[in-house]
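Engineer: In case you want the letters, here they are:
Number of protein chains: 2
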Amino acid sequence: MFEFRVVNRSSKSRARVGIISTKHGVIHTPAFIFCATKANVKGLTIEHIKNSGTQVILSNAYHLMLQPGNDLIRRAGGLHRFISWDGPMFTDSGGFQIFSLGHGSVSSEIKGTRFGDRRRTLLRVTEEGAEFRSYIEGRIVNLTPELSMQIQMDLGADIIVTMDECTPYHVSKLYTANSMEKSKRWAIRSLNEIKKYGRQDTQALLAVIQGGIYKDLRQESAQFANENDFPGFAIGGSLGKTRAEMYEVIGMTTEMLDQSRYVHLLGIGGIDDIFEGVRCGIDTFDCVAPTRVARHGVAIVKSREVLSRSQKGMNLRNSIYYDDFSPISESCSCYTCRNFSRAYIHHLLRAREILAGSLISIHNIFTMNRLMSDIRIAISEENLDEIQNDWCKN
Amino acid sequence: MFEFRVVNRSSKSRARVGIISTKHGVIHTPAFIFCATKANVKGLTIEHIKNSGTQVILSNAYHLMLQPGNDLIRRAGGLHRFISWDGPMFTDSGGFQIFSLGHGSVSSEIKGTRFGDRRRTLLRVTEEGAEFRSYIEGRIVNLTPELSMQIQMDLGADIIVTMDECTPYHVSKLYTANSMEKSKRWAIRSLNEIKKYGRQDTQALLAVIQGGIYKDLRQESAQFANENDFPGFAIGGSLGKTRAEMYEVIGMTTEMLDQSRYVHLLGIGGIDDIFEGVRCGIDTFDCVAPTRVARHGVAIVKSREVLSRSQKGMNLRNSIYYDDFSPISESCSCYTCRNFSRAYIHHLLRAREILAGSLISIHNIFTMNRLMSDIRIAISEENLDEIQNDWCKN
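Protein chains in written order, with this note's numbering: chain A, 31 to 424; chain B, 31 to 424.
Since the hints were derived computationally from the structure, they do not count as laboratory data.
In this text, all values refer to a predicted model and were calculated from it rather than measured experimentally.
Mixed in with the good hints, there may be bad ones.
Said to hold, decoys possible - Covered by chain B, according to a simulated footprint, are these stretches of chain A (three or more residues, beta-carbon under 8 Å): (1) 112-118; (2) 412-421.
As the list claims (entries may be wrong) - Not the full set, but computed from the structure, chain B residues with beta-carbon under 7 Å of chain A: (3) LEU102; (4) HIS110; (5) THR232; (6) ASN369.
Cβ coordinates follow ideal geometry from the N, Cα and C atoms, glycine included.
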C-alpha cells in the first residue's frame, strides 16, 4: 500500500525526484507538507487547500489526543473522514510537542536558540514514556511509544512517525547519546506496536533519526534505522545553532541513510532551507510558516518581488500597498492572485478582517506547491541553481 | 438597466414573487441580502458566498468611506471589482450607522430597546447634514446627502439608498415629524445628486420611508416617495418596541406604497420576521445575523432540528454535539453539510479555530437562500403558511 520510488536523481547533488504511493493517493517529491495542526489548516476550507495544489497535510497527534481525543476521531471514521480530506496524510508522534513545550517553545530547541526549561508541562521522562500535563484540562498523561502508535492508528494517517525523545540543544553529548539510545528502544516498541495490529502496510512508520549535532551519534541512529524495516526516515532532534550547522547536520545524516528509502525533515521549511535540504536528498518538508506568516500579513513571493533584501516575504500591512491594485504576484495563478489586489488585502488587514489571513494563506500554500513543482522539474533538468536564484536572490 | 417586475402575487396576502434586473444580473425576490460590511463577508471567500446560492450582498458606505476610503475603491474600479463580486450589490447611505452609533448601538434604536445617547460619535445634525467623528482617525466628517451619493457612486453598487435621518424610538412625535420632513428634503437632494451625474439608470436609488410608529407620518413619507421617481423604497426608522408593533408598522407602511415598485426592509432578517415581511409585500431583507451568529457557533436550522423551543438555532458549542457525526442538517446540501459533521465543527469551536465560524457561515448563508427560495415557491403555490410551519414551528 505504501511505496517510495525514486524516478530521477541529480548528478550534481543527492537531490532526487520521487513518488510516494499511499492508500489515499500519490505524493510527488520533493514535496511540502502543510500543517493542519488541530485537524484544520487555520482559516481555510479543505476546498481551498485542495485547489491550491496541496498533495499532503499533517496533523499533530499531541493536540488531537487532548482535543477532541483520538478515540473520537477513530469513531468518526478516522482523521481523513473527520476533516474531509481524501489525500495523503501525515501525523507526528506527539513526542515533539511534549518535549518542545516542556522545553519552552516548539522551534527554539531544534534551532538551539533558547535555553531549555523542563518545568513547564513535561513532568517526567522514564524508560516507559513521557509524562506531561494536558494543557486542556490539566490531567496527567503518560505518552508511551505504544500509546503514540495507538493514537496514530486511531487517526489513520498514511505516514506516521516513531515516538522519540526530542533532545534539546543545550545538553551534554552524554545526555544526547543516552537519549538517542532511548529513542532507538522506543522506535522498536513503536514498530512492534503497529505490526501487532497489522498496520505496517497501510501506515508507513518513519524512524526518527536522533543524535543531535554529533556525527557518531547520528551514524549510530541512522545505522539502527537502516537495519530495521522502517519504510522511511524522519530527521529530528537538534540541528545545531546556526544555519550552517543545520545544513551540515542534515547533509551528514542523509548521507548515512539507505538511499532507497524516503526521508522527511521535521519542522523545517524556509525556502533556502528547502533548496539545501533537497540537495541533501530530503524528500518532504513540513513547517507552519506558510499559514502562520499569512495570518500576520506576509505573502511568500520570489525575493525580487520583495521591497528590500532584508525582508522575508511581502508584508501587506505596509502602507505602500494601500493603493496598489496589482495582485500579490503577477506571475501567480492562485485563487487570491486571480481575484484580489494587494490594496484589497491591505484594506482587510487594516480593518482586522480574518479573510486577509485566509486569502494570503491560499497564496502562500499555492506558492509553496509551485516552488516544489519548480524544484522537481529543476532536478530532472539539472538546473536547481538557476531555480534557486530565481526564488531566492535579487 | 434597473427594473423590478412582479411575476406572481399571492391572493391571501400582499406577498409577491418578483425579479429585479440590474447591470450585474438578476435578483429573484423575496431575497435575502448578506452583509459584506467592510467590503467582505466576515471569514468567507467570495467563492464560498457565490456557491452558497447568494444573489446579492450589501456593503456599508459609512465603514468604507472611513476605511479604506471611497476614493480608493473608485480608483480600484468600484466595489464589485475591489472585492471580486460580479453579482448585484447594495450599499446603504451611511446615515444609519452615524445615527445608530451616535445613539448607542446599531439595532437598539430601530427596535426601541435602548435609550438614545447622541454624545458618542454623532456631533451635530443640521439642515446640511450630519457631523460625526471618524472612529478610525478621529477627523470630523460632515455627511451630507450629496456626499453620501458621491460615496455610493464611487462604490458603484446597483441599489443605493437616500441619505436620511434615522430617527430613534425615544423621541417625541414632533421630533419624528420634523426628522421625517428633513429626510424628505435630503431624499430630494440625494435624487438630484445622482441625476446630476446621470447615474439614476444604473444605480437604483431607494427612498427611505420614515415616520416612526406614527401612521400619519408614515403616510406622508410614503406619499412623498410615491410622488417622486424613486425606483423603490427602503423602510427605515423606528419600527416600535415589540415584535407586534414592528409588524404593524411594516404592514401599514407597505400598504401605503406604490405596489408596482420594489420594497426593501432595512436591517431586519429573523426567519419569523421574514415571513411577516413577505406577507406585507417586502421584497428584500438584510441582516448581519446569519454570519454573526455563525461566528458564535450557532447554525440556522428549521425549528424542529433545534434542541428546545426556547433556543434560536443550533448552538454547536453544546457538548451534546461532541460525538454527533451527522451533518448540521440531514436535509441540507451546502458545502459544510456535505463534508463536515457537527462533531467536527464542535471540535473547531472548542479549539477556537476560526474555520468553525466560516463553515457555519457557509451553512447559514445557504440556509437563508434556501428559505427564500422556499418562500418564492410557496407564494406561487399559495402555501406560505405550510412553509412557515415547516421552518418555524416544532
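Engineer: Next, verify each hint and record whether it holds.
Structural biologist: Do the hints match the structure? See the list:
Residues of the segment 112-118 of chain A with a Cβ under 8 Å from some Cβ of chain B number 3, which satisfies the need for three, so the listed coverage holds. Counting residues of the segment 412-421 of chain A whose CB lies closer than 8 Å to any CB of chain B gives 0, which falls below the minimum of 3, so the coverage claim is violated. Hint status for B:LEU102 relative to chain A: holds, with the closest Cβ pair at about 6 Å, below 7 Å. A hinted interface residue such as B:HIS110 counts as satisfied when its beta carbon comes closer than 7 Å to some beta carbon of chain A; here the least separation is about 12 Å, so the hint is violated.
With its C-beta approaching chain A no nearer than about 22 Å, B:THR232 sits outside the 7 Å limit, and its interface hint is violated. For B:ASN369, the shortest C-beta to C-beta distance to chain A is roughly 4 Å, which falls under 7 Å, so the interface hint holds.
Going through the hint list in order, the structure does not satisfy hints 2, 4, 5.
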